[in-house]
Every structure is written in C-alpha cells, then in structure tokens.
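Between the sequences and the hints, there should be enough to build the whole structure, so can you do that?
So the sequences go chain by chain: A and B. 179 is the number that the numbering used here gives to position 179 of the first sequence; each next residue is one higher, with no gaps. The numbering used here runs 350 ahead of the 1-based position in the second sequence.
None of these hints come from the bench; they were simulated from the model. Where hints are given, some of them may not hold.
[Stated by the list, open to error] Simulated coverage check for chain A against chain B, where a stretch passes if three residues somewhere in it have a Cβ under 8 Å from a Cβ of chain B:
no., stretch
1, 122 to 130
2, 165 to 179
[As the list claims (entries may be wrong)] Here are the computed lysine-lysine pairs in the DSBU-like style, where the Cα-Cα straight-line distance is at most 30 Å:
no., chain 1, residue 1, chain 2, residue 2
3, B, K499, A, K156
4, B, K522, A, K108
5, B, K433, B, K522
The C-beta atom is built at its ideal place from N, Cα and C for all residues, glycine as well.
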Amino acid sequence: MKKRIIYFVLFPGFFILLLAGFAGDNNYFAITAKDVEFHIPKGFPQPVYDFKNNTPTPAGFVLGRKLFYDPILSKDSSISCGFCHQRIAAFAHIDHALSHGINGLIGKRNVPPLENLVWSSSFMWDGRINHLEMQPLSPISNPIEMNETIRNIIKKLQRNKEYAGMFKAAFKDSVVNSRNILRALAQFTGLMISANSRYDKFMSGEDTLSPSEYKGLQLFRDKCGQCHKEPLFTDNTFRNTGLAMDTNLHDSGVAATNGQMLDMMKFKVPTLRNIEMTYPYMHDGRFRNLKQVLDHYTQKFTKESHADPILVEGIQLTEEDKSNIIDFLKTLTDQTFLHDRRFADPSGHY
Amino acid sequence: MMKEHVFYSLFVIAALVAAMAFMVTGKGKLSIQFQNYVEDKSLRLDSVSYKNVLGQPYNVTMFKYYVGNFRLKNIRGREYATKGYFLINQEEKNSMQISIDNFPEGEYDTLIFTLGIDSMDNCSGAQSGALDPVNGMFWAWNTGYVFLKMEGKSPASNSTARQLEFHIGGYKEPNNCIRVIRLPLKHAVKIGEKKNDIIKVQADVSHLFSAPNPVDFSKLSSVVDYKNASTIADNYATMFKIADEGK
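Right, dumping it as structure tokens:
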C-alpha cells in the first residue's frame, strides 16, 4: 500500500522535473524569481522609487517587458517603447540626434538611456515628469511619438486573450487598467540597473584601470564630479552648460515648463554610465562624439549665457587631459547590462 | 476567587466606558451635493449662450474639477478631516453627489475643501479611482493632474476655431493652482447615525472669468500650462458658495 503511494507521488513528480528541465534551462527569455530581485548595488544610495508598493514578480516583469516591446501602445501599432529605446545603446537611441516617432515624425529631444531610473527623482531632460510610473503616459499621448490614449490602450489590451492571462498572472486584482499597465512597465524599466562596468569593478577591487584611465578618473573627479556625481554620475539637478539655444528647436529646458528666467537652458545632469554607447550627446544630440563635448566644456561663456558658475570660466583641460577623461568615460560601459538577456525582446524585433 | 471577581467587574466597567465613548463619538455620513451654475441659472452644456463681464458671449461644452480633502469645523471650533478626491463632472450627474462615510457625529458650521490635488498626491505614481489617468484629467506634457477643465466656444475667442480651453493645474511654486475653499454654513448641519443633513455647494462658472481677474476672450482663450494658470486659479478660488435655502 505504502509503496503504491510513493510511486503515485514520485512518478508525476519526476515527469514534471524532466519537463521543467527542458523548458527552463534553455529558455533564454524565461524570468525567474531570482531575475526580478532588487538589490541596491554596493555604494549606491537608497532608491527614490519604492519597490515596496510594486514588488517585481516574474509575471509582472514579463508583462512589463511585453508592453515595452509591443507597438500596440501606439495609435497605428507602428512604434513601441523599444523602437526608440534600444537595448544595445543602454536603451538610448544610437545615431539619432532627435527621436523619431509615429509616421516618421521627428521629436525635439535626444532619446536618453534608461538605466538606474529608480534613483531618479524626476524624468526627462527638463525633469517635468515626477514619477517613474507616470512617465509612459508622456510618450503614449505625444502626437509625434505614439499618439495614443491610455483609455484606448486599455480597450485594445482587454480584447487580447494573451494579455488578459498575463494581467491575471501579474496582479491580484487581474484587471487591465491604467494602474496595472503603468506598474508592470515600472517593474521592467525599474530593474534596468547598470552597476557592473569596469569602473565598478575597479571600485570594488576586482579590476584595475590603465594609467590613462586612472588619470582620467582623477581629472573627472576634480572637474566634472560635482555635477556628474559618483556612483550614479548625476546629482539629479538641472544646470545650464552654456549651450546656445538651438534656433530651430527653441528648446529652453526647464524654463519652458515653468516660465522662470532663472531656469533658462537648464537641463538635467545626465548619468554618464554607458556614455560610449549613447551618442550623439546633449539634450538635442548636437555633439557627435565625446571629444566635441569636452571641447565645449573648455570654452569660456558669456555672462548672458547664464552658464553654471562651475563652467562659466571654461574648464582647463589639455588635449591629453581630454583623451584621458574619454578613456575613463569608456570604463563606464557595462557589458553585463548591455547584454542582459532579461531585457531582450522575446518577439525578436529589436 | 476574590481577585477574579474584581478583575471581572473592572472588565465590565471598562467595557461600559468604552461603549459609552463609542456612543458619544458616533459616526454619520458627510453628504455634499455639488450644483454648477452660471450666475443665477443652472449650468447647461452646449445649448445655452452666456455672457462674461465684458459682454462677450460664450457657451460651455465641458466643465469638470477635482475637489477633495473635505474638512468640517464643528460649532466648538474643532476640525475633522478626511482624505481623498472626487471628480465633479457636469456631464455625469452621479459625480455631483458625494458622500463620505464614518464621519464623526456632530454639529458643524464650516466646510473646508481643496480644489486641486495636493503635491503629495500629485507625486504618488499610478492610482485608480478618481485619480485614474483614464479620466482625462492627467497632464502628459508635465506630470500632474489638471485640477479644472472648462471648454466651450466664444465668437470673441482669438483661436481659429473660436475655442475656449481652460485647463488649470500645477502644484509647484510659483505656479501653484491648488486653492483651499472655506465656506461658512448658513445653518449648522447635523451629522449623526440617524440624520445626515446634505450640504449644497454651488459653483459658478462665470467666476472663472470675472473676479479678481476679468478675462477678455479676445486676449485669453486658452490656458493649458503654467502660463496664466494662477490668474484663473485666483478666480476659481471664489467660485463656490453654499446654496440659499430652498435651492
């Protein structure tokens, strides 16, 4: 009798294990509970975004990933988040100075990378978005980006059987509503964390820097680190770097959101992690390479430009200093992040 | 044995005291009926033509606004506060009647509420209910809720389609459009387990364009971001009043 029970339990158990073995191990896109654990990388501060209210789960993350890569979020099903935010570019867009959206329309800003977003207190070049969960509403409704409404997206998703099942798996209340859409996206984008570059390994003593990279790091700490503060390489403030306003785009930065003259041409201090991959540079992509950025910083600016006091006199750098700094900046490239299979597009489009 | 007796009687007394305390602070329902007006007439969408203080005709095709964080002050000067927001929408009759359960019993003589969404609640991420972005009251160009939307048409409007479009919001200084409305009640209202008076609050659309900042539609027919928003907010701060008896 006892023996029979043992077989009864063992046999199907064995079978399930076998199946799981086949399905699990080889599946590049499978997401496990371990894949969605959030850890604060060594030396990083407490995040701004609180995952406690939206704890990532494999099902929530997979739903967020599907939404991120699905053009269903745009009016004519042509543009997904992943269309503009490319994984190989740390989710910036390689080689486009300005974003390209629906019907080939060109936006007025450079696509920023998506990395370490849970440490950001505000989003976009001008900081006008105050919460990671609310951020997707901007590209969704922007007529030159996705040109869609959240109400219509909910309708489209409700009609879709696969999505219905995914919402059920991901959220206790199972409903396809704006909150669950936005929270699933935040689980996906919030876990895009870059903290394993050569710089990070140098900091933890696992790797060394070449003499020129090390000189670059010291120069960087001296001349750039106040704004591009380690370890996030941003202090989350808005600054005027002395760039002249583009006469076609008329983009005045923070001032355009609040009408304050003091905020003229102030833009967010961007992170410099993976900077090697996110060219071109600045809010409007006006500089093609890092050398041009550094040449900009060595200029003297007029009083009328209202450039930040740290920059107004021009940063003193020799050509050798510049090339050392560029060598250092390249140590911020994080191959683990750029090739992280968790963020790859399972549908294979991007 | 004796000890146990004392214990039990103490327990009974404590229970009685607790029950009495509960009876004293009974709970009722705070009910508020919103009614939208243009001057002395009930607001009607689309069909009726009104006039602003400069005599410019206009109609109203949309009128909705967020109210919340209702507080009542009782006749002894003590205030009781609630949290949460309601979207009053002229187009949805059900939205005009709001009620908040479990409000402390008492007699109250002042109603206080917020027009808008506090900065805390404006920065709390994805929400449902009244604050669900599907309600069309969330700004995407800039994070934050639109507090009040009035749309309509006026031949005086300087826009090509003769539109009026007033989308007012913003919680950051110096463009903060949150306004706290304080309305003394003409007669104290009673809230209790048996009887709950309904407070009737009237909102007058014409105030948006009159005082303290008269609006000339040929100069200003659209407010959709921080520009001129606080001008209109100062006007809507005076838009509410308690209904006269019999209305």
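Here is what the structure says about each hint:
1. 122 to 130: With 3 residues closer than 8 Å to chain B, the stretch 122 to 130 of chain A meets the three-residue bar; holds.
2. 165 to 179: holds (count 3)
3. B:K499 with A:K156: Holds. B:K499 to A:K156 sits at ~27 Å (cutoff 30 Å).
4. B:K522 with A:K108: Since the Cα atoms of B:K522 and A:K108 sit roughly 25 Å apart, the hinted pair holds (cutoff 30 Å).
5. B:K433 with B:K522: Between B:K433 and B:K522 the Cα gap is close to 21 Å, so the pair holds against 30 Å.
Of the numbered hints listed earlier, not one is contradicted by the structure.
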